[in-house]
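Quick note: the sequence shown, position 172, residue 172 per UniProt numbering, numbers continuous.
Hints may be right or wrong, so weigh each one.
Derived DSS-like pairs: lysine-lysine, alpha-carbon spacing no greater than 30 Å straight-line [stated by the list, open to error]: (1) 61 - 246; (2) 154 - 382; (3) 88 - 100; (4) 88 - 206; (5) 34 - 128; (6) 185 - 103; (7) 165 - 154; (8) 185 - 382; (9) 155 - 185; (10) 340 - 246; (11) 185 - 36; (12) 320 - 193.
Quick caveat, the hints were computed from the structure, so don't treat them as lab data.
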Amino acid sequence: MSESIEVSFRLAKNTVVEERSETIPFILTVRGIKSKAPSACFMFIIDTSYSMDGEKIFRAKLAAIKSVELLRETDYVGVYSFADDFKKVLEPVKLTDRDKVVKAIVSLKLGSGTNFYNMFRQIYNEIKFVRENLAVHLIRLILVTDGQPTTGVKKIDKIMELVDKIADLRVSALIIGVGYDYNEKMLMGIANKLTGIFEHIDNADKLERVIQEYTLVAREVSARDVTVRFRFKHPFRVTIYNRAFKTTDSGVEIHVGDVNFREEVNVIGDIEVPPLTTGVIYPGNIQVSYINPSTNETEIITMPEFRIESIPITQLNNLKIDQEALQKIELIRTATEIEKALEESDSRRIVEKLTDLADITLRVGSEELSTRTLNIKEKIEKSGLSPEFSKELAALISRIVSGRVRIEEGVKK
Numbered sequence: 001m002s003e004s005i006e007v008s009f010r011l012a013k014n015t016v017v018e019e020r021s022e023t024i025p026f027i028l029t030v031r032g033i034k035s036k037a038p039s040a041c042f043m044f045i046i047d048t049s050y051s052m053d054g055e056k057i058f059r060a061k062l063a064a065i066k067s068v069e070l071l072r073e074t075d076y077v078g079v080y081s082f083a084d085d086f087k088k089v090l091e092p093v094k095l096t097d098r099d100k101v102v103k104a105i106v107s108l109k110l111g112s113g114t115n116f117y118n119m120f121r122q123i124y125n126e127i128k129f130v131r132e133n134l135a136v137h138l139i140r141l142i143l144v145t146d147g148q149p150t151t152g153v154k155k156i157d158k159i160m161e162l163v164d165k166i167a168d169l170r171v172s173a174l175i176i177g178v179g180y181d182y183n184e185k186m187l188m189g190i191a192n193k194l195t196g197i198f199e200h201i202d203n204a205d206k207l208e209r210v211i212q213e214y215t216l217v218a219r220e221v222s223a224r225d226v227t228v229r230f231r232f233k234h235p236f237r238v239t240i241y242n243r244a245f246k247t248t249d250s251g252v253e254i255h256v257g258d259v260n261f262r263e264e265v266n267v268i269g270d271i272e273v274p275p276l277t278t279g280v281i282y283p284g285n286i287q288v289s290y291i292n293p294s295t296n297e298t299e300i301i302t303m304p305e306f307r308i309e310s311i312p313i314t315q316l317n318n319l320k321i322d323q324e325a326l327q328k329i330e331l332i333r334t335a336t337e338i339e340k341a342l343e344e345s346d347s348r349r350i351v352e353k354l355t356d357l358a359d360i361t362l363r364v365g366s367e368e369l370s371t372r373t374l375n376i377k378e379k380i381e382k383s384g385l386s387p388e389f390s391k392e393l394a395a396l397i398s399r400i401v402s403g404r405v406r407i408e409e410g411v412k413k
């Protein structure tokens with residue numbers, strides 16, 4: 001038993017009919033149950049292109065300053081800006097001198113162009129510097145932008161190659177798009193790769209709330225660099241829907257990322273079950289590894305083997321479905337389908353799946369998600385998939401697909 005996290009694994013059903021190939025949906029949940037607050041490095045990356053002039057840059061600066069007030073003297077803050085060129089306004093320093101950090105944020109100046117490629121190339125080097133020279137392992141990126149690539153390398157796939165390199169350094173991120181002129185598909189993709197969250201802000205005055213909420217959550221971590229390994233006997237196979245995964249000789253490996261205190265992260269997928277004879281079989285096991293933030297040592301949880309029972313078709317009435325688990329699985333899986341339709345700008349498919357999503361969110365008891373879903377669906381049905389509605393939808397879907405859910409204090413999951 002871990003003192004840092006709890007891990008649960010639920011099958012939508014654990015019974016199959018003999019001599020049939022079947023697919024069993026599953027959900028694996030990692031919960032942060034203990035607050036650990038090691039030194040963290042928050043890296044603020046602010047778009048300072050001329051389109052950020054006025055309220056956007058003012059609100060971005062104010063939000064960053066207010067966020068810094070929530071951090072401890074043992075934390076580090078770095079301040080960076082990017083337009084056509086990249087500027088290291090302040091390399092990560094301890095918050096023993098808050099005035100220095102505030103002055104750096106206030107000093108941000110606007111320039112022309114928006115060069116994402118160069119920014120990510122430089123940020124990669126900055127993260128490596130922090131890893132190699134500072135006694136801090138917890139790194140959080142907070143990126144605020146209102147635009148898309150206009151200078152330098154503009155191809156999204158090339159930019160994403162750099163993001164992949166950053167993801168290998170095991171950081172987490174809050175990616176914020178402000179207004180309606182940025183590329184939401186790119187920002188959503190960046191957030192997914194960095195096991196983070198993408199947020200759409202229609203009005204800059206909301207920046208302060210969003211960044212403060214993220215800071216409060218991200219400063220308390222229960223486990224770093226959580227990795228899940230499914231090891232299955234041949235010919236059982238596993239498919240994961242809401243996380244990138246790597247196939248190994250014995251199964252699959254999924255990088256979950258950091259799990260914060262009072263947060264649960266859900267990973268969903270399917271187990272492909274081959275035809276079985278009547279009886280009980282144990283397909284394999286699940287292992288979860290993570291770094292304990294207090295000791296910086298790797299700890300491993302090996303879960304008990306789960307069972308699948310194969311029954312004659314005459315006993316089909318005895319088959320039981322875990323409806324609660326199935327609904328949570330359907331919620332995330334439907335969101336991944338909308339994500340794909342959004343990438344293809346398939347309005348018809350989006351509306352169809354939003355109808356399903358609204359129904360599922362009601363069944364899982366999330367009125368807030370249901371209201372947002374229905375609101376976006378009605379807008380798209382009335383006016384089409386405009387840039388405005390596409391961004392609202394991308395932010396909603398990014399949050400669901402991330403599998404990250406806050407656990408309210410006093411609420412038992």
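Structure-based check of all given hints:
no.: 1; hint: 61 - 246; result: 39 Å, violated
no.: 2; hint: 154 - 382; result: 33 Å, violated
no.: 3; hint: 88 - 100; result: 14 Å, holds
no.: 4; hint: 88 - 206; result: 26 Å, holds
no.: 5; hint: 34 - 128; result: 28 Å, holds
no.: 6; hint: 185 - 103; result: 33 Å, violated
no.: 7; hint: 165 - 154; result: 17 Å, holds
no.: 8; hint: 185 - 382; result: 22 Å, holds
no.: 9; hint: 155 - 185; result: 13 Å, holds
no.: 10; hint: 340 - 246; result: 20 Å, holds
no.: 11; hint: 185 - 36; result: 34 Å, violated
no.: 12; hint: 320 - 193; result: 36 Å, violated
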